[in-house]
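*Asks:* Each chain is listed here by its residues.
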Amino acid sequence: MRGAVLLIVIPAFFVVIIYFFSIVTEIFIEEYHQSAIDYERRLAPLKEDLPPHAVFNYISDQHAAEDFVLVRYAVIPARPVRGMKPSQDYLVVQYLDTNAIPKFGGYFLKRDYGNGVMLFQRNR
Amino acid sequence: MDTVALISPLIIGAAIVVILLPENSLRGIWLILTVCLGAGIGLGITSSAIFLWLALIGSPNSAYFAAELIVACILSLSAFYRFRHLRSGDLNNAALRIEAHCASIEWLKRMFVILLVISMVSFVIKAVFNNPHGIFDAWTGWNYRARWMFRGDDQWMFAFARVSMGDSPDYPLLITGSIYRMWKILGNDYVAVPILLATLFTFGSILMIFFSIAELRGKNQGYLAAMFMFISTQFFNVGSYQYGDVPLAFFILSTIILMSLQDHYPRQSYRIAFLTGLAVSCAAWTKNEGLLFLVLVGLVRFISQPGKPKWSRLVKEFLSFTSGLAFVVATLIFFKLKYAPANDLISHDNLEKLGAYLFDADRYMLVLTAILKKIFTFNEGIVWLMILYLVISGFDKSRFPDKRILSYLFLMFLMVCGYFFSYLISPHDVAWQIGSSIRRLVVQLWPSWVFLFFYCVRGPEKSLTAAEHR
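The listed protein sequences derive, respectively, from chains P and S. When we follow this note's numbering, the leftmost residue of the first sequence carries the number 11, and every step to the right adds one. When we follow this note's numbering, the leftmost residue of the second sequence carries the number 26, and every step to the right adds one.
Keep in mind that the hints are not guaranteed to be accurate.
[As the list claims (entries may be wrong)] Quick list of in silico lysine to aspartate or glutamate cross-link-like pairs, DMTMM-like style, CA-CA up to 20 Å:
1. P/K57 - S/D214
2. S/K398 - S/D454
3. P/K57 - S/D178
4. P/K57 - S/D179
5. S/K378 - S/D454
6. S/K422 - S/D288
[Said to hold, decoys possible] Take a look, some chain P residues computed to stay more than 10 Å from chain S by CB distance:
7. L60
8. G93
9. D99
10. D107
11. G116
12. F118
13. K120
14. D122
15. Y123
16. G124
17. R134
Hints in this document: simulated from the structure, not taken from any laboratory. Here a beta-carbon is modelled for each residue, glycine too, at the ideal position from N, C-alpha and C.
Could you build the full structure based on these sequences and the hints that come with them?
*Replies:* Structure below.
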């Protein structure tokens, strides 16, 4: 029976230690973290400039499925609409891989946050 | 500060456990049951209450929290009264007395404590620095809806709007409601709150396994079962993602443990049945799969009884069970009828395609193969370690005259069948659906499998303690 006990105790010991070091390596050496942290940080100043419960169009050069999901999560209680239709008073652009400031007919640049996020407002 | 917001659910839940089981709930390892199960069912009750308040009265204010504290005080006074007025004979001769199974093996105990501490540190580091907001389903469901309820003011019902395919706005609200409740108390939507809940349910599951196996089979077997969970790193990973699967696993495990305690201590059966009802209702209030579990528990526990059941006893137990689940299930029904959009499995379009799905042999093969493959490869093939352990140690044959254990194994099998059919009739691409969710479905049942496995296999009690003394 001692063999059966060691069959669990020995793997448990090594797995727990290896798991601990793999997490420490991943986080403190490779500095890996989920992108939600970046989205929260990047979009925090935008939230200040949007009216509460604003509905806005959202354009991005990011193609990952999580991009829109993370924006939607970060800006609550504002609500993004993916793309330009139906058009809203505000337009948020997130260009992380594009350097140029885009132009959109009928909108002016209200604020460039300097981190790829830009807020446009419809011309009156 | 976050832990302060957890106090009233803990008091409410623990007081209910003490009122029902005053003989033992405050002694020895039973404290683990009182604290872990108490916190779980307390969160179930308070998340139901705050949702009802929000839906029927409006944004919870100081009146709500005062009412919650009054309930907590009344229940804790009742628990104190029940405990104080136990006759001394009850304490000495309690049917739920803690049996001196055998002395615990000291090195095994020390190893368990060390590994528990290291695992907790790993979990907290991962949860805090790697996934403080959880991962995908937390952003589309659990934490997303809690944010809407907290930040949404009069538009909080956007929490239940389906925007894209990955959304599950119809999922019940134990996790979401608990996060919202704690944020409301703290006045800020701290990420520490979902992390705290994830930690509680992940390590609560491991401690519940230790308690139950230690109580039913002896402490050494309990240490082994809990240490086996430490090998299950997938369970920790999914726990740190802040999904609903680990909390659901906690409630499924708690239900099976409580049913096993009912069988073990028949004199307390009706009182434990109330707790079983509460635990299974919390499972249903956590995730839709919990609804399937609730139905199957009713079926296995009260309809497919082994042998000739005593009907009067069964009716009393059933009444106690339904009283336990009444409040949370009533809230769930209210939520499903008034707020939750239809689940995509039972949408009109999908029901029309049902016939085609059910007669598609390729679909059966695809789902069956994927489930079997996942079972045998889950957590780097940990099931093979179980098989090897079983080959070396063998079954504890004294357990098998008790047909109830077989009924719990059957219950687990029925849950797997339920998952099988939900994949079969899925309106989405089945391969995608399986790939994105099957690991989490295994996690939902994993602690219960581990509990049943260590309940049934031979333990180290006699042979090792004898060897230690030599």
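*Asks:* Determine for every hint whether it applies to the structure shown.
*Replies:* Results for each hint:
1. Only pairs whose Cα atoms come within 20 Å are accepted, and P/K57 paired with S/D214 is accepted, the gap being roughly 15 Å.
2. Between the alpha carbons of S/K398 and S/D454 the distance comes to roughly 19 Å, so the proposed pair stays at or under 20 Å and holds.
3. Between the alpha carbons of P/K57 and S/D178 the distance comes to roughly 16 Å, so the proposed pair stays at or under 20 Å and holds.
4. At roughly 18 Å between alpha-carbon atoms, P/K57 and S/D179 fall within 20 Å of each other, so this suggested pair holds.
5. As the CA atoms of S/K378 and S/D454 are separated by approximately 13 Å, the hinted pair is consistent with the 20 Å bound.
6. Restraint check: the Cα-Cα separation between S/K422 and S/D288 comes to about 17 Å, which is no more than 20 Å; the hinted pair holds.
7. With a closest Cβ-Cβ approach of about 12 Å to chain S, P/L60 is found to remain outside the 10 Å limit, as its non-interface label requires.
8. At the 10 Å boundary, the C-beta of P/G93 stays outside the reach of chain S, the nearest C-beta of that chain being 13 Å off.
9. With 10 Å as the threshold on Cβ separation, the claim that P/D99 sits away from chain S holds: the shortest Cβ distance comes to roughly 17 Å.
10. Residue-level check passed: P/D107 sits 22 Å from the nearest beta carbon of chain S, beyond 10 Å.
11. No Cβ of chain S comes within 10 Å of the Cβ of P/G116; the nearest lies about 25 Å off, and the non-interface call holds.
12. Here P/F118 stays apart from chain S, with its beta-carbon at least about 28 Å from theirs, past the 10 Å limit.
13. Non-interface call for P/K120 relative to chain S: holds, since the shortest CB-CB distance, roughly 22 Å, exceeds 10 Å.
14. For P/D122, the non-interface assignment is confirmed: its Cβ lies about 26 Å from the closest Cβ of chain S, beyond the 10 Å cut-off.
15. The claim that P/Y123 is not at the interface with chain S holds, since no C-beta of that chain comes within 10 Å of its own (minimum 20 Å).
16. Here P/G124 stays apart from chain S, with its beta-carbon at least about 23 Å from theirs, past the 10 Å limit.
17. Every Cβ of chain S is farther than 10 Å from the Cβ of P/R134; the closest lies at roughly 26 Å, confirming the non-interface assignment.
In this structure, every one of the numbered hints holds.
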